[in-house]
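Trainee: Listed here are the chains, written in short residue letters.
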Amino acid sequence: MSVSLDDVRHVATLARLGLTDDRANALVAELNTILGHMDVLSKVDTSGIEPVAGIGAAGTPLRPDTGPAAALARGIGEFAPRTTDGFFLVPRLSTHEDPEEA
Amino acid sequence: MTDAPDRSAAALRDAIGRGEVTVRAAARDALGRAASARAGADGLNILLYQDTDLGDRCRSVQDAVDAKRAGPLAGVPVVIKDNIATTTLPTSCGSRILEGYVSPYRATAVARLEQAGAVVVAKSNMDEFAMGSSTEHSAFGPARNPIAPDRVPGGSSGGSAAAVAAGIVRIALGSETGGSVRQPAAFCGVVGVKPTYGRVSRYGLVAFASSLDHIGVFGRVVDDAALGLQTISGLDPLDSTSAAEPVSELTTAVRGSMTGVVVGRPREYFPDDLDPRIRDRCDRALDALRSLGAEIRDVSLPHTSLAIPVYYIIAPAEASSNLARFDGVRYGLRIEGDGLRGMYEATRSGGFGPEVTRRILLGTYVLSAGYYDAYYRKAQQVRALIARDFARVFDSGVHLLFTPTTPTPAFELGAKSDPYDMYLSDIFTCTANLAGVPALSLPIGRVDGLPIGGQIIAAHFDERQMFAAAYALERSLGAEAHQ
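Taken in order, these protein sequences are the chains called A and B.
Residue 1 is where the first sequence starts when you use the numbering used here, and the numbers rise one by one after that.
Residue 1001 is where the second sequence starts when you use the numbering used here, and the numbers rise one by one after that.
With the rest of the complex left out, here is chain A (with noise of 0.2 Å):
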């Protein structure tokens, strides 16, 4: 398997990096070069091996989706880096409809 151009472009997108051209081709280079060097695990036999997502003791579990795990020391507004009445804000989504065009 080898990475191309728009192997690169495409995963750029869905990891929402934007990558000017001279760095997109030397990436497929280096892609290419690690990823050479991943191709001896597809001559190990793993048949019958179930794969391993984690190997803590205590397993994954989830915790109860009750709120924040502990208190903050300080409110969303002095470390986001935009807010507006304890919100997050956002760009408006192309999608959404601006109510003072409306």
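Incorrect hints may have been included.
To be verified - Cut-off 20 Å, straight-line C-alpha distance, at most; resulting in silico cross-link-like pairs (DMTMM-like, lysine to aspartate or glutamate): (1) A:43 x B:1373; (2) B:1068 x B:1056; (3) B:1416 x B:1273; (4) B:1068 x B:1014; (5) B:1416 x B:1275; (6) A:43 x B:1268; (7) B:1416 x B:1150; (8) B:1068 x B:1114; (9) B:1416 x A:30.
To be verified - Covered by chain A, according to a simulated footprint, are these stretches of chain B (three or more residues, beta-carbon under 8 Å): (10) 1346-1359; (11) 1377-1384.
These are computed hints drawn from the structure, not numbers from a lab.
If you're wondering where the values come from, they're calculated on a predicted model, not measured in any experiment.
Glycine is no exception: its CB is placed at the ideal position from the N, C-alpha and C atoms.
Position chain B against the provided structure of chain A, taking the given hints into account.
Mentor: Frame of chain A; chain B shown alone:
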């Protein structure tokens, strides 16, 4: 009276308890040594943020000392890696995307250190989001090795290792996903320990690869690392993967005789092309363990050579998911773009450095449709085989394993431009992360003046046996460990 830099954390705590050193003097001395490390054109760039306003904190610890209700780290200055949340200093993960971010909550490990009386004096430099083995991938410039400033301190916790090696503090917290505590400990000539997965809460450790991430401890001597680790260990309801196993007393681990202890020498960690000087240092350490009564047994961990490919599939895959949260909405940097999607892309492209970008793309690729089974699922299966190797050896009557920590001493800044060449720095350490077993690196000598680390690996939750061996080996090697 000021603090003597060569005493252990426990000795400093005791001196503070006797009134020979004040809490403020100990903190001032740490900051003074930090200033020395920072001075001049060859500044080591070890620390990113320092707390110069420690008056209230020192007073409250001093009050506890004076009232004879001081904790086991009362007045001991500590340094925290920049990816572990503190509420008094920024937590930027060595990244532009979190530059200046101050967490609204404190990591459990930091809270436990502070409850024990420790004084957090600084946050340390690191590879961006802990992705690297040299601390050259920090957005705030590379850190240098205090033993040889033309060399890297290792990474990704290079700043914490260097802070201990430079004598700024006796105890520092680091984190590791594939060896990022033990490898810099070896490069800087200090002790570094990674506990069993689940032994120390990850609450407040900024997630890189959640199934591999551990908080670890650096110490100038084995006792410092033991004291630090036993302080931060234990079940934490804020981390659902933390374990309910009883916490061992590590500072009282038997030190001296190793009679009845079987130490495995895994042949895959001593390949034919291993630097003969490193092999010689390891053989001397094994001889020391044998002379203390240990039985040395040749063993095999046959899937060791697959650990780097497995690690560099699983860790980037998990990272690509974990780092999705840095999107310009909730914390840190925001760069406006064309709409919401444009803002995401502009923020992430402007905020992440080249290595983080590379790993996010690699991780996204191995998780994407058509490649998941060939890469990610396959890596998870081989990870099971690697974990099984360790279980089989420990089930066969072997108590501990001894290996070199790294295949080379600290390398020169800029020496490794090929990413995969850098990844190979973790070849002897990442197996313990994949299997979740505890492992410790301690100094066992020097080659051309550069420190060499020996690694002791134990079975799950057997940190006490591991520390007993480390104490014994440290005492047996004596000054030779630093020559």
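Trainee: Hints first: check each against the structure and report whether it holds.
Mentor: Hints and how they fare:
no. : hint            : result
1   : A:43 x B:1373   : holds, 14 Å
2   : B:1068 x B:1056 : holds, 19 Å
3   : B:1416 x B:1273 : holds, 19 Å
4   : B:1068 x B:1014 : holds, 12 Å
5   : B:1416 x B:1275 : holds, 18 Å
6   : A:43 x B:1268   : holds, 19 Å
7   : B:1416 x B:1150 : holds, 14 Å
8   : B:1068 x B:1114 : holds, 17 Å
9   : B:1416 x A:30   : holds, 14 Å
10  : 1346-1359       : holds (count 6)
11  : 1377-1384       : holds (count 8)
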